[in-house]
Amino acid sequence: MTRYIRLATGSLQYILLGLAAFISVFPFIWMVISATNTTADIIIGKVSFGHALLTNIQTFMTQVDVPLIMWNSIKIAGVGTVLTLAVTSLAGYGFEIFRSKLRDKVYAVVLLTLMVPFAAIMIPLFMMMAKAGLIDTHIAIILPTIAWAFVIFYFRQATKAFPSELRDAAKVDGLKEWQIFLYIYFPVMRSTYAAAFVIVFMLYWNNYLWPLIVLQSNETKTITLVVSSLASAYYPDYGTVMIGTILATLPTLFIFFAMQRQFVEGMLGSVK
Amino acid sequence: MAKARPGNLKRFYDVNGWLFVAPALLLIATFMFYPIIRSLVLSTFSGRGMMMKFVGFGNVVRLWNDPVFWQALTNTMTFLVIQVPVMIMLALILANALNNPRLRFSGLFRTAIFLPCVSSLVAYAILFKSMFATNGIINSTLAGIGIIDTPIEWFTDPFWAKTLVILAITWRWTGYNMIFYLAALQNIDKSIYEAARIDGVPAYRRFLHITIPMLKPVILFTTITSTIGTLQLFDEVYNLTEGTGGPANATLTLSLYIYNLTFRFMPNFGYAATVSYVIVLIVAVLSFLQFYAARERS
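Line by line, the protein sequences are chains A and B.
Take the first sequence: its position 63, counted from the start at 1, is 63 in full-length UniProt numbering, and no numbers get skipped.
Take the second sequence: its position 79, counted from the start at 1, is 79 in full-length UniProt numbering, and no numbers get skipped.
Some hints could be false.
Stated by the list, open to error - A partial selection of chain B residues facing chain A, derived with a Cβ cut-off under 7 angstroms:
id	residue
1	ASN65
2	PHE69
3	LEU121
4	ILE137
5	ASP235
6	SER255
7	ILE258
8	MET266
Said to hold, decoys possible - Straight-line distance between alpha carbons at most 30 angstroms, and here's what the computed DSS-like set of lysine-lysine pairs gives:
id	chain 1	residue 1	chain 2	residue 2
9	A	LYS101	A	LYS160
10	A	LYS160	B	LYS216
11	A	LYS105	A	LYS171
12	A	LYS46	B	LYS162
13	A	LYS101	A	LYS176
14	B	LYS216	B	LYS190
15	A	LYS131	B	LYS53
16	A	LYS176	A	LYS105
17	A	LYS46	A	LYS101
18	A	LYS75	A	LYS101
19	A	LYS105	B	LYS53
20	A	LYS171	A	LYS160
21	A	LYS105	A	LYS160
22	A	LYS75	A	LYS131
23	B	LYS162	A	LYS160
These are computed hints drawn from the structure, not numbers from a lab.
Just so you know, even glycine gets a beta-carbon here, dropped at the ideal spot from N, CA and C.
Using the sequences plus the hints, can you model the full thing?
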């Protein structure tokens with residue numbers, strides 16, 4: 001009897017996970033299939049491949065300067081991610097080696113910024129950027145999110161697992177603190193950096209509200225903004241839009257798959 | 001290396017500590033603290049564009065009498081109260097199922113369920129918009145398996161428009177939260193489960209009495225981040241409804257309202273800043289309550 005119950009709960013598990021996996025993946029399949037269909041076919045829910053792929057790509061290319069827009073997105077996400085990882089990992093390491101009495105108070109204040117919703121600072125930020133003449137620039141997109149408290153928290157948690165003997169040994173050898181950070185901490189924490197890279201790159205790549213406000217000319221816009229404006233027409237040309245959504249999704253998808261192993265390892269390290 | 005004489009050691013550490021955190025602190029002060037204070041000051045002013053005059057609590061009075069604000073607040077809270085608990089439960093159940101060491105294809109399941117949070121908010125909002133069209137794939141599937149007779153009007157019916165937003169954010173974020181639980185679950189000592197199994201504790205009780213209590217800190221963390229995320233909901237509703245906030249403002253969120261007040265209607269930075277402080281207050285109160293509740297029970 002218990003064998004049957006176990007068998008039943010066992011298969012229930014597979015059904016549940018299978019269903020969840022299917023629902024999770026289906027929109028991606030839908031995206032790829034729809035890119036080969038005409039808008040009329042997409043609207044009536046056709047789920048087989050069509051012949052409109054080339055037409056859709058052509059229409060998209062005539063409406064969007066693809067290399068420029070993709071370059072804008074890659075530049076923002078790449079530079080933003082590198083700066084964020086540098087600043088937040090320094091801070092995460094710093095808070096662990098920090099011996100000041102003020103440390104916990106300062107750290108608490110940093111964590112407090114996690115609770116500040118973006119909407120609450122968006123208007124003053126916009127005014128600051130306008131005053132600094134940075135509206136419509138990519139610097140303005142990157143600056144406010146470099147010191148992201150969530151990533152500082154993540155690096156600090158991960159740093160707790162960094163063996164202090166390594167630091168002590170390095171110190172005996174006469175290494176300065178920044179040398180320890182650069183030559184020992186950084187290589188040892190590679191998977192932590194990899195996981196943070198995936199998360200932060202996605203944040204920059206997918207960022208929408210802030211670029212929507214700051215980037216005003218067509219030459220500075222990101223792929224996300226362009227796809228969104230194509231899709232907001234009264235009768236959007238979904239066939240064309242799907243080419244855009246694929247372009248907007250591919251890089252993050254690629255990075256995720258390329259770094260999946262390190263990503264999971266890094267996440268495991270951070271919740272210990 | 002600095003002259004690390006024992007007496008000097010403490011100060012030596014300090015200088016390094018400060019240097020390492022300085023860039024972050026500087027940026028946070030400039031792009032977080034200054035704006036949040038500036039926002040508070042702004043909220044006492046009103047007027048169009050840059051022509052603003054001091055109104056004291058005038059914006060608060062206007063807020064109190066603004067039906068659109070109350071609508072946006074109610075919508076946001078509705079999304080929060082329904083979506084966050086459903087998603088957290090779902091993520092826990094999925095993580096628990098995936099943590100089974102005898103499960104086959106677990107890597108495949110895990111990757112598939114995590115996949116949505118790789119997509120951009122804008123891209124999936126657009127995908128959902130096309131899938132949930134009146135004659136679209138979702139309605140025809142539901143009709144095909146006999147669940148509905150007439151197509152659901154996902155975009156023109158206020159109830160279904162709200163439901164669609166909830167479905168969309170659940171799709172996007174469940175896998176993300178699940179990964180945190182999965183990571184935490186793998187750090188739990190397996191022998192605790194073994195002991196419970198030998199004692200004949202059934203699976204659902206092991207889940208309720210071992211898994212959930214052990215994961216409490218992670219659950220707290222994900223609940224707070226999800227709460228903050230839902231309170232800031234913007235990309236999805238903006239892209240699902242072309243920025244209008246849906247039929248009769250049914251999916252208008254606080255963030256979208258702030259955006260409209262600032263950049264869509266005649267700009268009124270002061271009033272928009274006042275609305276934004278409502279979100280700050282809610283986040284502060286809810287986070288405090290969640291911390292408090294977590295502390296009480298442990």
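List, from low to high, the hint numbers that the structure doesn't satisfy.
Those not satisfied are hints 1, 2, 8, 17, 18, 19 and 23.
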